[in-house]
Amino acid sequence: MPAHVGVSYGPVGLACVLPLGARAHVRIPLSDRAGIQVEGFAFRLGTAHSSVLTVGLVGNPQSSRPGVPP
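Numbering follows our numbering, in which position 16 of the sequence shown is assigned residue number 250; successive positions increment by one, without gaps.
Everything labelled a hint here was simulated from the structure, so no lab data went into it.
Quick caveat: nothing in here was measured; it's all calculated off a predicted structure.
C-beta: ideal position from N, C-alpha, C; glycine also.
Heads up, a few of these hints could be off.
Said to hold, decoys possible - Distance ranges between label pairs, derived from CB positions:
{"no.": "1", "residue 1": "Ala258", "residue 2": "Gly293", "range": "27 to 33 Å"}
{"no.": "2", "residue 1": "Ser265", "residue 2": "Gly240", "range": "24 to 30 Å"}
{"no.": "3", "residue 1": "Gly293", "residue 2": "Ala237", "range": "29 to 35 Å"}
Starting from the given sequences, assemble the full structure and let the hints guide the process.
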């Protein structure tokens, strides 16, 4: 299994998947309760190349928002 080493700051993250490639993600808020999560992966092993881009709708339950009592 490859090692995943990365950093995240707020809604943005970037990681190196050693020794195969990289991955990144960003969360774009649409409202207080919902947002879009975009993730990208790029891998290379020998002569094989693979990349994936996913886009998903994510929800923020009221109890998980910072500073808002449940």
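Each hint, compared with the structure:
With their beta carbons about 22 Å apart, Ala258 and Gly293 fall outside the hinted range of 27 to 33 Å. Ser265 and Gly240 have their C-beta atoms about 28 Å apart, which keeps the hinted 24 to 30 Å range intact. Checked against the hint of 29 to 35 Å, the C-beta distance between Gly293 and Ala237 comes to roughly 31 Å, which is consistent with it.
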